[in-house]
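Peer 1: Each chain, written out:
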Amino acid sequence: MAINKNGTGYTFGFAIVMVVVVGAALAATAISLKPLQQANAADKKMMDILGAIKVDSQRDNAKELFAEYVTSRVSIDAAGAQVTVKQGEVNTTDATDPFNIDIKKDYRSHKPSKGDLSWANASDLTFPVFECQKEGETYFVVPMVGSGLWGPIWGYVALEGDMQTIYGAKFDHKTETPGLGAEIKESFFTEKFEGKTLAEVGPTYFSVLKGGALTDVHSVDGITGGTITSKGVDEMLNRTMGIYLKYFNNATQRAQR
Amino acid sequence: MSTDTNSAVETKRESLFSKKNRKLLKDPLDDSNPITVQVLGICSALAITVQLQQAVIMSLSVLFVMIGGNVIISLLRNMVPDRIRIIVQLVVVASLVIIVDQVLKAFQPDISEKLSVFVGLIITNCIIMGRLEAFALGNKPGPALLDAIGNAMGYAWILLVVSIVREIFGSGAISLPGMGQVKFLPTSWFISEGGFYENNNLMILPPMALITVGLIIWIQRSRNEALIEEN
Chain R
1 MAINKNGTGY TFGFAIVMVV VVGAALAATA ISLKPLQQAN AADKKMMDIL
51 GAIKVDSQRD NAKELFAEYV TSRVSIDAAG AQVTVKQGEV NTTDATDPFN
101 IDIKKDYRSH KPSKGDLSWA NASDLTFPVF ECQKEGETYF VVPMVGSGLW
151 GPIWGYVALE GDMQTIYGAK FDHKTETPGL GAEIKESFFT EKFEGKTLAE
201 VGPTYFSVLK GGALTDVHSV DGITGGTITS KGVDEMLNRT MGIYLKYFNN
251 ATQRAQR
Chain H
1001 MSTDTNSAVE TKRESLFSKK NRKLLKDPLD DSNPITVQVL GICSALAITV
1051 QLQQAVIMSL SVLFVMIGGN VIISLLRNMV PDRIRIIVQL VVVASLVIIV
1101 DQVLKAFQPD ISEKLSVFVG LIITNCIIMG RLEAFALGNK PGPALLDAIG
1151 NAMGYAWILL VVSIVREIFG SGAISLPGMG QVKFLPTSWF ISEGGFYENN
1201 NLMILPPMAL ITVGLIIWIQ RSRNEALIEE N
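Respectively, the protein sequence lines represent chains R and H. Start counting the first sequence at 1; every next residue gets the next number (our numbering). Start counting the second sequence at 1001; every next residue gets the next number (our numbering).
Read the hints as simulated data drawn from the structure, not as lab findings. Check the hints yourself; a few may be wrong.
[What the hints assert, rightly or not] Listed next, the in silico EDC-like pairs over lysine to aspartate or glutamate satisfying Cα-Cα at most 20 Å (straight line):
no.: 1; chain 1: R; residue 1: K246; chain 2: R; residue 2: D43
no.: 2; chain 1: R; residue 1: K174; chain 2: H; residue 2: D1110
no.: 3; chain 1: H; residue 1: K1114; chain 2: R; residue 2: D43
no.: 4; chain 1: R; residue 1: K134; chain 2: R; residue 2: D77
All chains should be built: construct the whole structure from the sequences, respecting the hints.
Peer 2: Encoded structure:
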């Protein structure tokens, strides 16, 4: 009996075999390329952190420059207490290295409820902070994740030694609208943050405003046509800084004592 | 259009480079160019032609997906149930595209980042699905391979020309994968350095890609009589 090519049984059989073959092939590709992709992602992260303290780096020299400028990698808990400190070379397989804390994953699994700037459900997370030395000055680079209009946005903000003044900022996004929200990664936007300061009392430490704010030291002008993305940056900054300022205040008090 | 189906009974074995097969390779480059004549695959052609290196990587990706898709579908053509043939084509194309995306992420991370969603969008590139449905399902793997190469190259040369024009006039530079961007104009020429020259910023915006493609279509139609439409 000839096989009926258009029979339901054959169709299902064909579909099942196809899915299994394709699935196996894709899984094999993904697994075999993963180490390379992870190394690329680590390089990119180092470049972003260096970018926040205005050190230009390429993929080839990111590791060296990172080792040169970043003196220690600290992780803190949600109450602002220090958990671990690592120095020396980054080990991308060591889960306790603050460099390896996946803040994007943590953000996804601990999404704050709408308008909750204190990020109440983040109490069991740890947060990385990178202490850098550049030309004799100390800087603290704070990574952050939030939500834009279409997808995640993230950034690295470098604070000066006073832990209040913004030295540099770098933002990026996954799928914001080109020409509108996507502009948050452009230098004309990030440069506006430089020299501005965080307010001492929260919950609003810094604002990305719609219109104005050109002279205020605690705010910058948002992006025209990118209001929701700008609001996302605003929310991300305040929520993250709320946690980090607890640590910074502890650290300043400790220094003063 | 040159989508001959294999209706004629093949009495003798056709050589791979017979006249008919050469036509498969040559036609998409000019007479039935996927971009300028059939006006398919325009969206990626407009979006990723700011720099030559992106266009090169994109062209290679499309070439790979096109060849893989056409040959695989052609090999499976007598097995694929009619009712799910579009889904089968889609699965084949999608898996090839995912492989391309993963490989780019591993070996060309910067370009992969610039191409962003457009690698994934190869899946929906009408050129590929169109060739699978119109050609690969009805022809042997050999001709399907040639058809794939022809169409991918037809897509590629437009991309390369557009990106070269846009990069030279928009950024005053030329870039190739692995070499980075080479700015060949002396910096002292630029107005910001006291010179006389300024890059044309319009060139790096998407509308200029459309205009460049339009110019190519204009030149092509004025030279190729087969494409001149009668009123």
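Peer 1: Holds or violated: K134 (chain R) with D77 (chain R), Cα cutoff 20 Å?
Peer 2: Measuring from Cα to Cα gives roughly 26 Å; hence the hint is violated.
Peer 1: Compare the distance between the alpha carbons of K174 (chain R) and D1110 (chain H) with 20 Å, and conclude whether the hinted pair is satisfied.
Peer 2: Satisfied, since the Cα-Cα distance of roughly 14 Å is no more than 20 Å.
Peer 1: For the pair supplied as a hint, K246 (chain R) and D43 (chain R), is the alpha-carbon distance within the 20 Å limit?
Peer 2: 29 Å, violated
Peer 1: For the pair we were handed, K1114 (chain H) and D43 (chain R), check the Cα-Cα distance against 20 Å.
Peer 2: 16 Å, holds
Checked against the numbered hints above, the structure violates hints 1, 4; every other hint is satisfied.
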